[in-house]
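Engineer: Residue numbers (numbering that gives the first Met the number 0), protein chains in the order written: chain A, 0 to 233; chain B, 0 to 637.
If you're looking for bench data, these hints aren't it; they were derived computationally from the structure. Do not rely on the hints blindly, as some may be mistaken.
To be verified - Chain B regions said to be covered by chain A (calculated; three or more residues, Cβ under 8 angstroms): (1) 32 to 39; (2) 371 to 377.
To be verified - As a list, the in silico EDC-like pairs of lysine to aspartate or glutamate whose alpha-carbon atoms are at most 20 angstroms apart: (3) A/Lys172 to B/Glu23; (4) A/Lys16 to B/Asp533; (5) B/Lys311 to B/Asp533.
Unchecked claim - Chain A stretches covered by chain B per the calculated footprint, using a threshold of three residues with CB under 8 angstroms from any CB of chain B: (6) 31 to 38; (7) 72 to 85; (8) 144 to 153.
We treat Cβ as the ideally placed atom computed from N, Cα and C, and that holds for glycine.
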Amino acid sequence: MKGHLHPLTVVMQDAVKIFESLGFSVATGPEMEDGWHNFDALNVPKDHPARDMQDTLFIKKSDDEEVVMRTHTSSVQIRYMEKFIKDGNKPPLAVIAPGKVFRNEATDSTHEIQFHQIEGLMVGENISLANLKGVLLEFFKKFFGGDVEIRLRPGYFPFVEPGVEVDLKFNGKWLEVLGAGMVHPEVLNAVGIDPEKYQGFAFGIGVDRMVMMKYNVPDVRMFYNGDLRVVEQF
Amino acid sequence: MKISYNWLQSYFDAEIPTPERVEEILSVRSFEPEGIEVVNGDSVLDFDVLPNRAHDALSHRGIARELSAVLGESLKTDRYRRRDVEKVSDVVDVDVQDVEKCRRYISRVIRGVKISETPNWLKDQLVAIGQKSINNVVDSTNYVMFDLGQPLHAFDMDKLSGGIVVRNAHEGEEIVTLTGEEKSLTNDDLVIADEESPLAVAGIKGGKKAEVDAGTVNIVLESANFNPLSTRQTSRRVGIQTDSSKRFENKPTCELALEAMERVTDLIVELCPDAKIGPVVDIYPNKEEKAEVSVSLEDINSVVGVEISKEKVSEIFDSLELPHTEDGEVFTVSVPDFRMDIRIKQDLIEEVARMYGFENIPATLPEGFYNPALNKIFYYSGVIRQLLVEQGFFEVYTYNFWDKGEVKTLNAIASDKGYLRPSLHRGMKESIEKNVNNRDLLGVEEINIFEIGTVFIEGGEYVALGLGLTDIVHGNKKTKKDAVERLEKTLGLLSEKMGVDITKHQSLSEVDDSGVIEFNLSKLVEDLPEPIDDYSFSESGKAFVFKNFSLQPSISRDVSVWLPSRDSKPELEEILSGLELSVREPRMIDEFEKEGRVSYLYRLVFQADDRTLTDEEINAVMGPVYEEINSKGDWELR
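Take these sequences, add in the hints, and give me the full structure.
Structural biologist: Have a look at this one:
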């Protein structure tokens, strides 16, 4: 008798396959991250109100050292770009970072202290908002199967400018599914990419949310409680 | 930010669209809406104003400006008027001792105010957005804050001993706030004080000492600008967050303070017929710098990815009150004081993109020049997952947080989640315990699970692979042996597939008392070659609808029957299938042949959504089944 993959794996593997077909590599990185990769390099300076947008779980916090449980896998993109440049490469680059992230917040059916994200990044000489729209639309079409509609709205994340929220029309209703935007020049500067020459987009997909939407799973906590009555359905 | 629809309408001569329409318009151009509620006949819209715009748009005017830009309707300029009023020359001395923390301080004396109830037109608007009405003077300061975004404060002048000093608190200095809380301050906290003691925690909350109350006749108004960082730190330290502190934390322009002082004066003078006003005292040593930002049409179009005309861009800047000059195809914007967020060309591109309309931007795939590279750990994890599923293992994801470990978190959400897991053992053990009684429900003989997850040790982390086979520990002699064989076989297959001995760094005797054994996957993968083939997994295929399962206990029943031959097996299965309250297909546990007959053992599982089933209920279901089996001449129930 065969066993079963966990739904989060199923969806992450599907996403990896789809993004691979669109030219994206996969990057992984540490879950316990330093403040530089999780915040500063992403244009979230110390004591900026934007650091409050995410409830961070700290491991160390002093004036000269900060270690956190990563609040997003954008930190992996920073590591990826650092290495990419250090190895002597030049954009274009396209990468997704699937992985577990953490928020120090009360849990309920749609919030968990740990969940999964796929952050995506594409940098080149002429990468545009229209390309962001194109890539996301293509992803959702393949992921959900069939025709889908997406809509961009103004949003704000310190690491992108312009920043957008992306809604997906699902069962006739617009649902907010992810945040995205054009990579902020400070982020490119931080990893040694010339923002006058290169530009690109970034996005962050909530994997748990995608599983819940695609398969109609009612509670995010079902993914982490080890109950095989959930897993056996996938 | 709560926005009263009536208040918003007061900014326009023309009738604005319905509240629902306003919400929709602004949601795709400006801010995310969080709902509309009706309060006393007014509609209150709520927008999530994020940090980039909190310096100007936590105000009715900020939202009105956005609406004006989208609708192309200009804003009224005469919402406030100053009636003729007697002037006095009174001032209070103001001494700003820390110009880093207090970037501007404007004060004005008003004599002869009459404290009274606030007129309804003003009160209703404040109440609509969830504010409590206090009195005409305090409500005026609040109104202007929610109108323009500038926090203001009024002190009872006759309660002051001497002039006003803006200084750091003495270590341990105390203040009783307007709402009666006693707060102890530190030398890092800025206060507004008189010559004796603090009157307010600067930019955060007023104190009891100089409170404006029913007996107040003369007031000192404050319109200041406090440092965002120090305001935020003090607000955290004393544990008080207010509409005022929230605004200062987001760095409103210092230029707003003077305008707000004049507007609140207009309002107080209107509400207090006998008021006499003094001159403004304005301490503003370091004037804010004006910003100019340039962007070319080419940059705009390259980032947005669509051809927008020069005229359209110019029109958008005009609609947003962004004065600009054009040199060929380069725009230079003289950024108005209220748009502190516009500092680089990307900020201007955002303004163009959102006002042009994201819906008008096409979805275009980028040119294909990317060669995706494979990720080693993701690749090998995929290989392992696939093999383990083939071997009958279920995958679990368990929590990273435990009550013990080598790495401690500083701000744990719960006392039993204060540490990062040093291994996968505990989570997997809990999963095994949770599932072991559900074996029949799951249709399995034993619980075989695996997890691939990060674990944390002093000074680092690595990815671990955990395998859990319950029967290694809990099985009987035979199943124990089977489980050990299964583990050995699985590890053999894994080693073969990955090309490395998976037990290289590990002894098989390290199975814990739940049947869990763990491997350092990061270390194993280090020695492996970079993958060449594509990922081993493929797309999962079509979605299905997840089935909610009952959380009630289940009951299992075994049925053992002698059949004359294997040919009768389908008939038996049909009898056992689809029974009332059964939740799984009948599962064959055993089959053997003896003296020309075949013995079958099937397990049935029953469960209800809403209750624990009783034996009687199951007997009632099984009765007819037994009868039917007995009615077959050559079948025999064992």
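Engineer: Taking the hints in turn, state whether each one holds.
Structural biologist: Structure-based check of all given hints:
With 0 residues carrying a beta carbon less than 8 angstroms from a beta carbon of chain A, the region 32 to 39 of chain B misses the three-residue requirement, and the given coverage is violated. Proximity of the region 371 to 377 of chain B to chain A, defined as three or more residues with a beta carbon under 8 angstroms from a beta carbon of that chain, is established by the 6 residues found. Restraint check for A/Lys172 and B/Glu23: the C-alpha separation of about 14 angstroms stays at or below 20 angstroms, so the hint holds. Restraint check for A/Lys16 and B/Asp533: satisfied, since their Cα atoms lie roughly 10 angstroms apart, inside the 20 angstroms limit.
Taken as a hint, the B/Lys311 and B/Asp533 pair is broken in the structure, with Cα atoms around 47 angstroms apart against an allowance of 20 angstroms. Residues of the region 31 to 38 of chain A with a Cβ under 8 angstroms from some Cβ of chain B number 1, which does not satisfy the need for three, so the listed coverage is violated. With 0 residues carrying a beta carbon less than 8 angstroms from a beta carbon of chain B, the region 72 to 85 of chain A misses the three-residue requirement, and the given coverage is violated. For the region 144 to 153 of chain A, the assignment as covered by chain B holds, since 6 residues bring a beta-carbon within under 8 angstroms of that chain's beta-carbons and 3 suffice.
Hint check: violations occur at hints 1, 5, 6 and 7; the rest are consistent with the structure.
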